[in-house]
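Student: Protein chains in written order, with our numbering: chain A, 1477 to 1759; chain B, 17 to 329; chain C, 441 to 682.
Hints may be right or wrong, so weigh each one.
One side of the interface only, derived from the structure: several residues of chain B facing chain C at Cβ under 7 Å [to be verified]:
#1 180
#2 195
#3 202
#4 206
#5 214
#6 215
#7 216
Note that these hints are calculated values from the structure, not bench results. Here the structure is a predicted model, which means the values were calculated and not measured. Cβ atoms here follow ideal geometry from the backbone N, Cα and C, with glycine treated the same way.
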Amino acid sequence: MTQILIQGLLLSGLYALIAVGFTLIFSVGRVLNLAYGAYLMVGAYAYFHFVQTMGMPQAYGMVLAVGIGALFGILKYRLIVRQLHGDQVAVEIATLILAVVVQAAIVLVFNDSAKIMHPIVPGVWRVGGATVTYNILAATIASWVILGGLWLFVTRTHAGRAMQAVSMDVKGAAISGIDPGRVNQITWAISGALGAIGGIFFASYTQLSPGMWVGPLIIAVAVVVVGGIGSILGALVVAHIIGFMEVTTTTLIAAELRGVFTMLLIIVVLIVAPKGLFGREEL
Amino acid sequence: MSRLSPFWRAVLLWALFAAVMLALPEVVSRGTMRTFIAAFFLAIFAMSWDFLSGRTGYISFGHPFLIGIGAYTTAILSYRFDVPVTLSIPVAVVVTMLAGTLFFLPALRIRGTYFALVTLAFMELMYQLVQVIRPDLTGGTRGISGIETLRRGAEANYYLAFTLMFVVAVTLWSLTRTRIGMALSAIGMNEAAVAGSGLDTTRLKLFAFMVSACVAGLGGAFYVHYLGSIAPRALFDINFLFTIIVAALIGGAGTITGPIAGALFLTFLLEELRPVLPGAERYLVYGGVALVLYIVQPKGLQALVMGLRGRRA
Amino acid sequence: MSRLLELQDVVKRFGGLIATNGLSFAVEEGESLGLIGPNGAGKTTIFSLIMGELRQNAGTIRLGGEEISRLPTHARIRRGVARTYQVPRPFAEMDVASNIQVGLMPPSLWRMLVEPRDRAAEAALAESVGLPAEDLARTPSELSVGDLRKLELARTLATEPRIVLLDEVFAGLTVGEIAQISELIAERRAAGMTFVIVSHDLRSLEPLVDRVVAMAYGAVIAEGAFAEVTADPAVRAAYLGT
Chain A
1477 MTQILIQGLL LSGLYALIAV GFTLIFSVGR VLNLAYGAYL MVGAYAYFHF
1527 VQTMGMPQAY GMVLAVGIGA LFGILKYRLI VRQLHGDQVA VEIATLILAV
1577 VVQAAIVLVF NDSAKIMHPI VPGVWRVGGA TVTYNILAAT IASWVILGGL
1627 WLFVTRTHAG RAMQAVSMDV KGAAISGIDP GRVNQITWAI SGALGAIGGI
1677 FFASYTQLSP GMWVGPLIIA VAVVVVGGIG SILGALVVAH IIGFMEVTTT
1727 TLIAAELRGV FTMLLIIVVL IVAPKGLFGR EEL
Chain B
17 MSRLSPFWRA VLLWALFAAV MLALPEVVSR GTMRTFIAAF FLAIFAMSWD
67 FLSGRTGYIS FGHPFLIGIG AYTTAILSYR FDVPVTLSIP VAVVVTMLAG
117 TLFFLPALRI RGTYFALVTL AFMELMYQLV QVIRPDLTGG TRGISGIETL
167 RRGAEANYYL AFTLMFVVAV TLWSLTRTRI GMALSAIGMN EAAVAGSGLD
217 TTRLKLFAFM VSACVAGLGG AFYVHYLGSI APRALFDINF LFTIIVAALI
267 GGAGTITGPI AGALFLTFLL EELRPVLPGA ERYLVYGGVA LVLYIVQPKG
317 LQALVMGLRG RRA
Chain C
441 MSRLLELQDV VKRFGGLIAT NGLSFAVEEG ESLGLIGPNG AGKTTIFSLI
491 MGELRQNAGT IRLGGEEISR LPTHARIRRG VARTYQVPRP FAEMDVASNI
541 QVGLMPPSLW RMLVEPRDRA AEAALAESVG LPAEDLARTP SELSVGDLRK
591 LELARTLATE PRIVLLDEVF AGLTVGEIAQ ISELIAERRA AGMTFVIVSH
641 DLRSLEPLVD RVVAMAYGAV IAEGAFAEVT ADPAVRAAYL GT
């Protein structure tokens, strides 16, 4: 029981971090970025390359990986999203193709065998019969800190408030002197950075492989679908629902079924309550 | 040449296409025939996708789910229960059509991006379930091999695959020429206006789903009896989905010739790249080409060629 | 005369916003009713409610005495009601003839599958709304706003409605086009078709309607002859936005 509680809490924190960059783009840009999983992969592989292959200090590796993620986000916005004029379905298809391209690029550079990343923070912590790696603990704490920072950024800073304005009403924001293109670009950069950092922690929790982008993408999709858009709090709540569902399934039923309920959740919510559990005006 | 109506000109072109393709085994190698067979099956899947998504605008990210249902049904029936293929394939098609109604449920209430997401979830769900539920039937992660094949040798299989593709293509082409085809295209352009013209869009969409699922099931069933084996990761895979969608899009969505041309182009491109880039890296070139083409002209190669011609004129 | 369309105590809320508030009015068979009111009065919402594109929160909508509130849009159209939109929305990648054909299609899938399309009927409809025969092969992008309205009218009339709801039919049209569309409506009226017409262009509206209903804030504020309603102080106040 304690095991489920602790594992669930930790995993959920990680999932919230993974999902938040995806919901951010959906809320501000109104497009589903199916290549979001590629940020995670690029971030994780970049970190792996800098730290484990080249032997850079962890902090540098992390900063570089995050920078690459942000740059990737900007490029994606400029070269794909803007060219397709925000056509939702076209962006969805194009980003899916991009994800496959990135996957192939990763195979080309790093080959297609899975790689084990050293834990970012080694060691385990025993508490009440449960064992917790410091690594996942660090990931969870980091994700809480990052989410808190993001919340402060969105609510307190000028750029963050501009993002909120654009997510509510693009035309209205443009009239009040906000440049939606610039805000979008910033959002794509932040989303890329968040994806990269999420990817590093996710990879340190599981492993590195060219197919690693699918699982987190499905989780991020579930969070958007179930949680509704634009709410960091909504993302947090749904990430916990999914995290606890997975941990409970793994512990009590079978490890192979851990993803099944996430998929069922997406399907059932979209069929029964297409507006999401926490409300969403348009489809 | 005497003046022909567009209809008879099209019929003539179909006949010409069939004649050339049926004569081809006389001149090409067995290896090339195998490549053609792969292209024919891809064309069937791409036409199935396109009949639903290219026409009505309901983008399916779950076609491998439908194809997989057809393939697994006939594989399990014939391999585990010794059901003759003459029975197991029709059953597989019917089962796939029933599964298509599952797909249809979300389409009643949502469209666009969310619809694509549910179908994607269906595919991933199937991938996980197939490995866990009754592995004694599905073969679990490893799948099933040693399934009965319908024909032996490249040439016999070439004729079979081509005939299947040709029948599907001509049937779908005839369908699109009817007023149902027109109404389905109209749904893709403006669903509300179709309802506003007094048509029951739910029934029309259900029809499109059933046809698409029927073709997917048929293709999947014949494919598994061509390969002789089935494995979940090869079927319920984003790369497979990607190949289907790209084949349909690259040739031109909303057409019948587009997916066929796209499937042939992509299969041979992949084949040509094999000596240069063995392994999965081929997807890099292939995906890159597809991505650039898609961003330049989302309506596909046909529209791109037409556009260029128009600009020159 | 009998009541063809009747709305009773219709309430529609969008979240906290009340679009129509216990609205009631009726249209007699063969009558032409003008529906006027300032922007945001709820006129277009009423059309959407009648067509079933939106569902009301309370109240009843009757067509020929039958309560139609639970019917889907296509079933309502089969019972004889149709509408046009403020902004015409043609099927962009189909030619004009095919656009009209969508309105002519039979309800049965089987008949759609086996029966050939009736090109003569398409041409006749195009002609009846004043679209020249050479436009039949054009795509909507080649048409003027006026011609797009005519096209939409043709597709709407193709469903053989008893009552047609016209939403801002004169918006964006030239004087000549307004005259053409007006003439068209007058002809159909003479043939016994019932109309509900929403328009801001009161001068063009006046000769086309028997009676006017004025709305503000989702409720009827005046009803009667054109001159009477437009002279009503409450209506004038609503338009001036006091």
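Student: Could you run down the list of hints and mark each one as holding or not?
Tutor: Evaluation of the provided hints:
1. Taking 7 Å as the C-beta cut-off, the interface hint given for residue 180 of chain B is violated, the closest approach to chain C being about 23 Å.
2. Taking 7 Å as the C-beta cut-off, the interface hint given for residue 195 of chain B holds, the closest approach to chain C being about 4 Å.
3. With a least beta-carbon distance of about 5 Å to chain C, the hint placing residue 202 of chain B at the interface is held under the 7 Å criterion.
4. Hint status for residue 206 of chain B relative to chain C: holds, with the closest Cβ pair at about 5 Å, below 7 Å.
5. Contact between residue 214 of chain B and chain C, as hinted, is supported at the beta carbon level, the nearest pair being about 4 Å apart and thus within 7 Å.
6. Using the Cβ-Cβ criterion of 7 Å, the hint placing residue 215 of chain B at the interface with chain C is satisfied: the shortest such distance is roughly 6 Å.
7. Residue-level restraint check for residue 216 of chain B holds (minimum Cβ-Cβ distance to chain C is 5 Å; threshold 7 Å).
When the structure is compared with the earlier hints, a violation turns up for hint 1 alone.
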